[in-house]
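Peer 1: One-letter residues, chain by chain:
There are 2 protein chains.
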Amino acid sequence: MSSLASKFAALSTDNAPGQEVRQSHEDIRSLMIGEVLPGRRVDFSHGDVDAFAPPPDAMERFEEAVRIGGRQAYTEYRGSADIRAELAAKLEAFTGAPVSKDAGIIVTPGTQGALFLAVAATVAAGDKVAIVQPDYFANRKLVRFFGGEIVPIAMDYLGSAEGAGLDLTQLEAAFEAGAKTFVFSNPNNPTGAVYSPREIERIAALAKRHGATIVADQLYSRLQYDGESYTHIRANGLPEGQCLTIMGPSKTESLSGYRLGVAFGAPEIIDRMEKLQAIVSLRAAGYNQAVLRSWFDEPAGWMEQRVAEHQTIRDDLLAIFSAAGFPTRRPQAGSYVFPTLPRLTVAPLDFVRLLRHQADVIVTPGTEFGPHERSIRLNFSQDRIAALDAARRIVEMVERYRA
Amino acid sequence: MSSLASKFAALSTDNAPGQEVRQSHEDIRSLMIGEVLPGRRVDFSHGDVDAFAPPPDAMERFEEAVRIGGRQAYTEYRGSADIRAELAAKLEAFTGAPVSKDAGIIVTPGTQGALFLAVAATVAAGDKVAIVQPDYFANRKLVRFFGGEIVPIAMDYLGSAEGAGLDLTQLEAAFEAGAKTFVFSNPNNPTGAVYSPREIERIAALAKRHGATIVADQLYSRLQYDGESYTHIRANGLPEGQCLTIMGPSKTESLSGYRLGVAFGAPEIIDRMEKLQAIVSLRAAGYNQAVLRSWFDEPAGWMEQRVAEHQTIRDDLLAIFSAAGFPTRRPQAGSYVFPTLPRLTVAPLDFVRLLRHQADVIVTPGTEFGPHERSIRLNFSQDRIAALDAARRIVEMVERYRA
Chain A
150 MSSLASKFAA
160 LSTDNAPGQE
170 VRQSHEDIRS
180 LMIGEVLPGR
190 RVDFSHGDVD
200 AFAPPPDAME
210 RFEEAVRIGG
220 RQAYTEYRGS
230 ADIRAELAAK
240 LEAFTGAPVS
250 KDAGIIVTPG
260 TQGALFLAVA
270 ATVAAGDKVA
280 IVQPDYFANR
290 KLVRFFGGEI
300 VPIAMDYLGS
310 AEGAGLDLTQ
320 LEAAFEAGAK
330 TFVFSNPNNP
340 TGAVYSPREI
350 ERIAALAKRH
360 GATIVADQLY
370 SRLQYDGESY
380 THIRANGLPE
390 GQCLTIMGPS
400 KTESLSGYRL
410 GVAFGAPEII
420 DRMEKLQAIV
430 SLRAAGYNQA
440 VLRSWFDEPA
450 GWMEQRVAEH
460 QTIRDDLLAI
470 FSAAGFPTRR
480 PQAGSYVFPT
490 LPRLTVAPLD
500 FVRLLRHQAD
510 VIVTPGTEFG
520 PHERSIRLNF
530 SQDRIAALDA
540 ARRIVEMVER
550 YRA
Chain B
150 MSSLASKFAA
160 LSTDNAPGQE
170 VRQSHEDIRS
180 LMIGEVLPGR
190 RVDFSHGDVD
200 AFAPPPDAME
210 RFEEAVRIGG
220 RQAYTEYRGS
230 ADIRAELAAK
240 LEAFTGAPVS
250 KDAGIIVTPG
260 TQGALFLAVA
270 ATVAAGDKVA
280 IVQPDYFANR
290 KLVRFFGGEI
300 VPIAMDYLGS
310 AEGAGLDLTQ
320 LEAAFEAGAK
330 TFVFSNPNNP
340 TGAVYSPREI
350 ERIAALAKRH
360 GATIVADQLY
370 SRLQYDGESY
380 THIRANGLPE
390 GQCLTIMGPS
400 KTESLSGYRL
410 GVAFGAPEII
420 DRMEKLQAIV
430 SLRAAGYNQA
440 VLRSWFDEPA
450 GWMEQRVAEH
460 QTIRDDLLAI
470 FSAAGFPTRR
480 PQAGSYVFPT
490 LPRLTVAPLD
500 FVRLLRHQAD
510 VIVTPGTEFG
520 PHERSIRLNF
530 SQDRIAALDA
540 ARRIVEMVER
550 YRA
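These protein sequence lines map, in sequence, to chains A and B.
So our numbering is basically just the index in the first sequence, starting at one, shifted up by 149.
So our numbering is basically just the index in the second sequence, starting at one, shifted up by 149.
Identical copies go unnamed one by one, so any copy, or any two together, can satisfy a pair.
Once the Cα atoms are required to be at most 25 Å apart in a straight line, the calculated SDA-like pairs of lysine to any residue come out as:
hint, residue 1, residue 2
1, Lys357, Ala154
2, Lys250, Ser161
3, Lys250, Ala234
4, Lys239, Glu350
5, Lys329, Phe295
6, Lys329, Ala159
7, Lys357, Leu153
8, Lys250, Ala154
9, Lys277, Phe295
Source of the hints: derived by calculation from the structure; they are not laboratory data.
Taking the hints into account, I'd like the entire structure generated from these sequences.
Peer 2: Next up, the structure:
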């Protein structure tokens, strides 16, 4: 295989969330046990922005930007200066550490855009990069795309007594072996685990000692459940140049359709990201950037209600999976849950396809997140009744195909 | 310098269009001859979407998409299937060759997004890529970013009796020397030159003979002036797998603020582009995609009027530059003009900065497009009166600084 062909073979999106409609399913009927399970389709591969509406002024912000016209259509590549200034103040308050509006922030097309630029700006061919297992699927693909070498770090998300369960000994060994970058999501995607203050302090201390760069994907850090606390690694003693944080208004705020992300922190990394953004997509869509004005500016009580509604769905889903005996981490934040299924008579990827074709339930296979072939990921930002009914169909399907 | 540092040094955006506000100008006053030239600021680095409004239904299409909600927010990575189907039919009619709605088209965040993905999908480290001089600045940066080697192809855009003036002998030599990709814009950015039917036929024949891939950036191909004809290379006998065409609703339609692009043709390249888009930005912003419904669907007479208005500005600008003795190619399509200035007493990049600070006129230096340091690029999709006045200020500034 040519170098390009193998590079792109490693980027397979066949089982990626949202791509299910492009799969062929001619052979799946031969595997089916029993009849179709009726019920309303639920697509757990992402949140349902119809079930949870965006903040009331998002569309007004957009329309205002279209009226402003050129100045908002053509912003600097790193995003419009006035919007960056507003964001810097909001993110400084949220994370508890300074954000420079000029040097320390860039607006990107979605947090995916920020992650791509961040990895490109920090990982050269041959570089070792520490990556958690399980973690967001694109992390590993990005490292491979830029020729980096993945050093997997285990996370005992089911068994840990405290925190996310990261194997800090493995992380230290990775840094000692020369890993210069650690990319991780907190809350963890797919499990919803949140790193404890002690874990975050330890990660920061290890990175500082070894001069490693931390890329912290905090996309879901606003959706924190009752009794949970959250520690921002950027406020934990790391030199400014060694920490880049990624956030964005997305599923939590139901603003995914506008594709907005923000990276903030290390000025040198952000300079590189802007240079690369100039040839990747120029800038986040100009008018869309204005929607960021409604972020962290929701009406009083709006976020609290959103969190409470998600918490109810989380608890109901956990009750269903617990009754079925699926080991499942209780998500502390975010809207993902990652149950482990029992052994089945069909291959895990075939079961995911059967779920879709027999039960009209779309989930993302665990193998997208690491070597977790018996797990499935669900985004539970959904209509509650439909989601619970779909979860029961998953349990029923597991019973049919149980080994 | 580390490999990453040199990779990003090559991506400098200091003089890129739209980035002028980030330049420091403390030293420029010491170079100034004479006083400030008064006049309304004109930013020729891009088109003015306030002077030329978008089609009347663009915003309605967007609002409709927000109302549709989730289905439009989360599309497949290559873009929503129904919008791709509409686009395939429109682009087939416009270019005169089939477009497969399923296998042959991808929606991207701007044409810049399409160009990035296309070069990533076709150029591996060490590959030779034929690039026209002058041509769009990102082409060269993209090839370098992916480790490719640029084989420059000269274009005698001022002297050619017919067509754009591409040196076909150099192109043939490049293919013979192993170049496997030819990336070019038609109409050419920055000169507005359009390739003749004979040039396009010859490029296609050479690419076919050598098995080379053509990436044709046709962003401005709808804005054709009176008496000009346009030849689509994809309809000129190339095997489907060897030709990728890039277009998008942008300056011509004043839709740049929505950041939409489309690549169509070679299915294998589009498959790779989609895989990469999944980790670069996931997809073009979902709601924005719906604005593509208004593209090629403008009210009767809308495009004709837009072309006529641009043609008037073009002719008036050419008259001013001609009277001043600046050799200038007459643009046959698009809204860029690329005059050559006389020798000056200041360095070309300093003159561009002086233009901004002394005359409030923003232009893009010719060096962004190749070794054309005495040229400047202007996008003349502007308010006509303001643009002509600014052009006269450029002439006056040239007189002041003439060597």
